[in-house]
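S.K.: As you go down the protein sequences, you meet chains H and P in turn.
If you count by this note's numbering, then the first sequence holds residues 1 to 310, one letter each, in order.
If you count by this note's numbering, then the second sequence holds residues 311 to 418, one letter each, in order.
The set of hints was computed from the structure by calculation and includes no laboratory data.
Among these hints, one or two may not hold up.
[As the list claims (entries may be wrong)] Keeping only pairs whose Cα atoms sit at most 25 angstroms apart, straight-line, the calculated SDA-like set for lysine to any residue is: (1) P:324 to H:116; (2) H:142 to P:364; (3) H:114 to P:347; (4) H:114 to P:326.
What follows is the residue order along each chain.
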Amino acid sequence: MSKIAIRAEKLTRDFGQIRAVDDLSLEIPAGIVFGFLGPNGSGKTTTIRLLLGLLDPARGRAEVLGFDTRTQADEIRERCGALLEHAGLYERLSAEDNLELYGRIWRLSAADRKARTKELLTHLGLWERRGEKVAGWSRGMKQKLAVARSLLHRPSLIFLNEPTAGLDPMAAAALSDDLLSLAGREGVTIFLTTHNLTEAEKLCAQVGVIRAGRLLAVGHPDQLRTNAGGHQAVILGQGFDEQALSSLRERPEVVAATLRDGRLVIDLKREVEIAPLIGLLVNSGAQVEEAHKGKASLEEVFLSLMGEEK
Amino acid sequence: MITDLLTMIWKEWKEMLLQHGGIRSGILPMVIVPLGLLGVMLPWQMGRAWIESPLSLAVWAWMPLMLMAGLIADSFAGERERHTLETLLASRAKTPVSGAFGFRPGRT
Numbered sequence: 001m002s003k004i005a006i007r008a009e010k011l012t013r014d015f016g017q018i019r020a021v022d023d024l025s026l027e028i029p030a031g032i033v034f035g036f037l038g039p040n041g042s043g044k045t046t047t048i049r050l051l052l053g054l055l056d057p058a059r060g061r062a063e064v065l066g067f068d069t070r071t072q073a074d075e076i077r078e079r080c081g082a083l084l085e086h087a088g089l090y091e092r093l094s095a096e097d098n099l100e101l102y103g104r105i106w107r108l109s110a111a112d113r114k115a116r117t118k119e120l121l122t123h124l125g126l127w128e129r130r131g132e133k134v135a136g137w138s139r140g141m142k143q144k145l146a147v148a149r150s151l152l153h154r155p156s157l158i159f160l161n162e163p164t165a166g167l168d169p170m171a172a173a174a175l176s177d178d179l180l181s182l183a184g185r186e187g188v189t190i191f192l193t194t195h196n197l198t199e200a201e202k203l204c205a206q207v208g209v210i211r212a213g214r215l216l217a218v219g220h221p222d223q224l225r226t227n228a229g230g231h232q233a234v235i236l237g238q239g240f241d242e243q244a245l246s247s248l249r250e251r252p253e254v255v256a257a258t259l260r261d262g263r264l265v266i267d268l269k270r271e272v273e274i275a276p277l278i279g280l281l282v283n284s285g286a287q288v289e290e291a292h293k294g295k296a297s298l299e300e301v302f303l304s305l306m307g308e309e310k
Numbered sequence: 311m312i313t314d315l316l317t318m319i320w321k322e323w324k325e326m327l328l329q330h331g332g333i334r335s336g337i338l339p340m341v342i343v344p345l346g347l348l349g350v351m352l353p354w355q356m357g358r359a360w361i362e363s364p365l366s367l368a369v370w371a372w373m374p375l376m377l378m379a380g381l382i383a384d385s386f387a388g389e390r391e392r393h394t395l396e397t398l399l400a401s402r403a404k405t406p407v408s409g410a411f412g413f414r415p416g417r418t
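The shape of chain H in the complex, shown without the other chains:
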């Protein structure tokens, strides 16, 4: 298998006057979890459809597992699993029958279908309820079953379109853990789109940020935070008045100083000692109880990228 799972070069797709994907170039190594982040309507789902060969690009090209999406789409779909916008389950069938159907579609032998169904449903905690109609299941259980279906034929690459959307935090965390453990065990490459940035930070070795069809940034979450200049100091205490904040903002190493949820957050240009800044605050009459340095979260990087593009 190619060491690059996905390679896109200037991939572009229009729907009428709207450019859904704009000049997207991307390389994703095999065997990693790649997070594709972006607001609603930013082109994430269209990108997945293009990569699966369900849509043809207007311009540019893409290779998935070494196959061209325009001319070898069948080969790509044979080797990929997908959980798309909708779970795509047959609700009148039982969980076992849903997997049986896709096992037949993927041409697994009867013994393999049975063994694989048991293995995946057991791992996801659904084995005891395998005979129930899916229609009566919770959204979280349906999402788990859809994940099982996408892994059934042991694909090299799976596309997961917002797998935890609409789940409560506990169900989302449980599904994320399951994904991570399955990905590690099965050694698959995962292309994951999500709005959940904490989830992306936890799961993904690389993330890409897309807005209005354009890829704004790509890299390891840490790298993105560093590139975004995301060094911060967070200070807890009292008496952070406007005069104290103004004196902080005059310092050359300080980008911004803002009060958020009762905490003083100082955005820094680079990693610096914060003792002089604390001294400045204390001299201006503030009471400092706790201070620590850190990097901006992926969420803050994401919001800053979205802000820059407005």
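Take the given structure of chain H and dock chain P to it, following the hints.
M.R.: For chain P alone, coordinates are given in the frame of chain H:
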């Protein structure tokens, strides 16, 4: 292609069976009622005319076509409506209808 067709027939049969609550409570009445109507009631009412009239021939000739049309409409429009079509297209299956006509929705 034949294997895919058989797989989809298996799925349709399973769905029909489960939707109507199994063979005894669902499928048998579905088969028995039309058979009773067309095979017993109407011949009894119409007598020899049921055999000699071209109308009866038309009824028997149209019935499979009407059943087929319903099934095709449900298996294609129904897949789309229940949001299962795209997942199916993203798999290695070519659905019988889309495969037969070389049609893939959304592809231009």
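S.K.: Provide an ascending list of the numbers of those earlier hints which the structure does not satisfy.
M.R.: 2 and 3
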